[in-house]
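**Q** Fit chain to chain and form the complex, with the hints in mind.
Going down the list, the protein sequences come from chains W and S.
Going by our numbering, the first sequence opens with residue 1, and the numbers climb by one from there.
Going by our numbering, the second sequence opens with residue 1001, and the numbers climb by one from there.
Any given hint could turn out to be false.
Unchecked claim - Here are the computed lysine to aspartate or glutamate pairs in the EDC-like style, where the Cα-Cα straight-line distance is at most 20 Å:
{"#": "1", "chain 1": "W", "residue 1": "LYS13", "chain 2": "S", "residue 2": "ASP1098"}
{"#": "2", "chain 1": "S", "residue 1": "LYS1101", "chain 2": "S", "residue 2": "ASP1199"}
{"#": "3", "chain 1": "S", "residue 1": "LYS1073", "chain 2": "W", "residue 2": "ASP36"}
What the hints assert, rightly or not - Beta-carbon label-pair distances, calculated as ranges:
{"#": "4", "chain 1": "S", "residue 1": "ILE1190", "chain 2": "W", "residue 2": "SER50", "range": "46 to 56 Å"}
{"#": "5", "chain 1": "W", "residue 1": "ASN17", "chain 2": "S", "residue 2": "HIS1015", "range": "18 to 28 Å"}
{"#": "6", "chain 1": "S", "residue 1": "LEU1139", "chain 2": "W", "residue 2": "ASP91", "range": "47 to 57 Å"}
Quick caveat, the hints were computed from the structure, so don't treat them as lab data.
All C-beta atoms in this analysis are idealised placements derived from N, C-alpha and C, irrespective of residue type, glycine included.
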Amino acid sequence: MSSGSEHHVIPLKVYFNVLGALLVLTVITVAAARVDFGQMNTIIALGIASIKAFLVLSYFMHLKYDDKTFWVIFGTAIFGLLVLYFFSELDIMTRVLEINVL
Amino acid sequence: MSTVSHTGHAPGEHHHAHHFDSTAHEYDAAKFGIWTFLATEILMFGGLFVGYVIFHSKFPEMFHAGSTFLDWKLGALNTIVLLVSSLTMALSIYYARDNQKGKTLFNLYVTLACGGIFMCVKYIEYTHKFHMGLLPGHLFNPHGDHAEAAIEAAKHFSNLGMYFSFYFTMTGLHGSHVLAGMGLITWCIIRTHRGEFSDKYWTPLECVGLFWHLVDLIWIYLFPLLYLIG
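Chain S with its partners taken away, still in its complex shape (with noise of 0.2 Å):
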């Protein structure tokens, strides 16, 4: 009953949507909605930042004292890992744009991979807080052998949980942010097996990796902001 089919054509080959002029227009009005979509996710997690500057400033030594039970390494292992996520991100579409499937796919398997190192190394981070009771707000209650100086911090600081409230509720709207771009990461992998996307098309590409590279520029202010300033 449409007009426009999505399959049924030639590999690599593209018709844009009739209510589209062109390929070309709907490739811009594609580039409107998802730049309009990174301003709403800008806005979301604006919220947030702006509630950490607020909070930080107001108690910047219990800021430091939670800080130091973040590990910078993993922090910064994380960051590594994103920032050459983005760059596979951007030769994937590079390649597409130069008809090479073989290395568009490559460059996309390495993007995913890098996706799932930052989770895993997420959930390192979070399962040895939820070990030791570094936990959000009023859960906030540190115990066991390995939490002498969580314990001790405490003592000092009895709003120390909303360090980790800030530190849990960053991250997890990251985190969140990185398993839903793995999922669109893994569409874009099956739309490339199709042979899809060509110098022609590449316009889900382009969006995928957009919201990537937003994610990946949100990390680029959460790791010096948790980790290392505190």
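Okay, chain W solo, but in the shape it has when bound (with noise of 0.2 Å):
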């Protein structure tokens, strides 16, 4: 798995543009919520806030350089989750309707 002596060294121009981008993307996730676009408002807000995941991911985490390893770990947390949800939106969806869950 080993990449070993040769680690990359990101130049500092991309950590700083890397964080424009965020800030960017952070305007625009605020300026979309305040628009009326129904349900699509989640998936538009959940998008964006995995675009930034990704950023902060490939470079701040510097995945993008590193060994493919460190991604196999990250999705194979990722694919968990998925198949909790998975199994659990199936529970809750074919449940009978409770009145007040609280």
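**A** This is how it looks when you write it as structure tokens:
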């Protein structure tokens, strides 16, 4: 798994550009949430959040330059979450309706 | 008695532990370990996210009503603070690897300060909600002068307390991670002062940095979910 001795150094400019992109995306998130797109609001917000997450993972956590093993570890966790979500949703949707969950 | 001693050698010098072939081997093992740990963190927060998504789809109006009692401006401020702290954390590693101790320390202190600002804003938000009785689950009991809107909303949504259960559990778990991160950064600052990091050895900085970025990553999702779309 080793990339061992040759650790990539990301130029400073890239870090500042990434922060700039993240701040711009934050502004877009806030702006998009103030417009009513109905159910699409959730999807838009999560989509932008995922782009931001991808930037943080790729550059700040330098997965882009690292050994692919780390993407696999991260992906495994996300896959585990999807499995959890899938079966939980299946369970909830097929239940007899409750009146109040609290 | 141990063959490995981490004290008593010159500043900046690092001897890898005896069960590793080389410093590079030690670094790779440490990173593998921290990434595995981050995966477990994702799964821990993930349970809450899955719960949020499911109950949000069941009670969308109730969640929307709940989110109106959060101040998105404070949430956005905290987002910016955490994003900047992620940059300074990355910069501290950059400078440590360039043997620039002063700039490494400066960036670590800024990161620590950002964590402090984040927790102060969280404190303001929490105490405000405590005073209004916007508490999780059965404790939810809006009262007082400024809580008219909450009292009104509670009449429409009998389970509004559930929104605050999610709010306090998710932000509370996240906040405890910020506190833990601040402790770890303090530890990195102390070790940087001692001159332990250089272009040859920066493993603890790297691992704490990855943890700090994950905390930022989780907030990137928490902010829109809790404050914006609700």
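**Q** All hints are to be evaluated individually against the structure, with a verdict given for each.
**A** How the hints compare with the structure:
1. W:LYS13 with S:ASP1098: holds (15 Å)
2. S:LYS1101 with S:ASP1199: holds (11 Å)
3. S:LYS1073 with W:ASP36: Roughly 19 Å separates the two Cα atoms, so the pair holds.
4. S:ILE1190 with W:SER50: 46 to 56 Å: violated (36 Å)
5. W:ASN17 with S:HIS1015: 18 to 28 Å: violated (37 Å)
6. S:LEU1139 with W:ASP91: 47 to 57 Å: Cβ of S:LEU1139 to Cβ of W:ASP91: about 27 Å, so the range 47 to 57 Å is violated.
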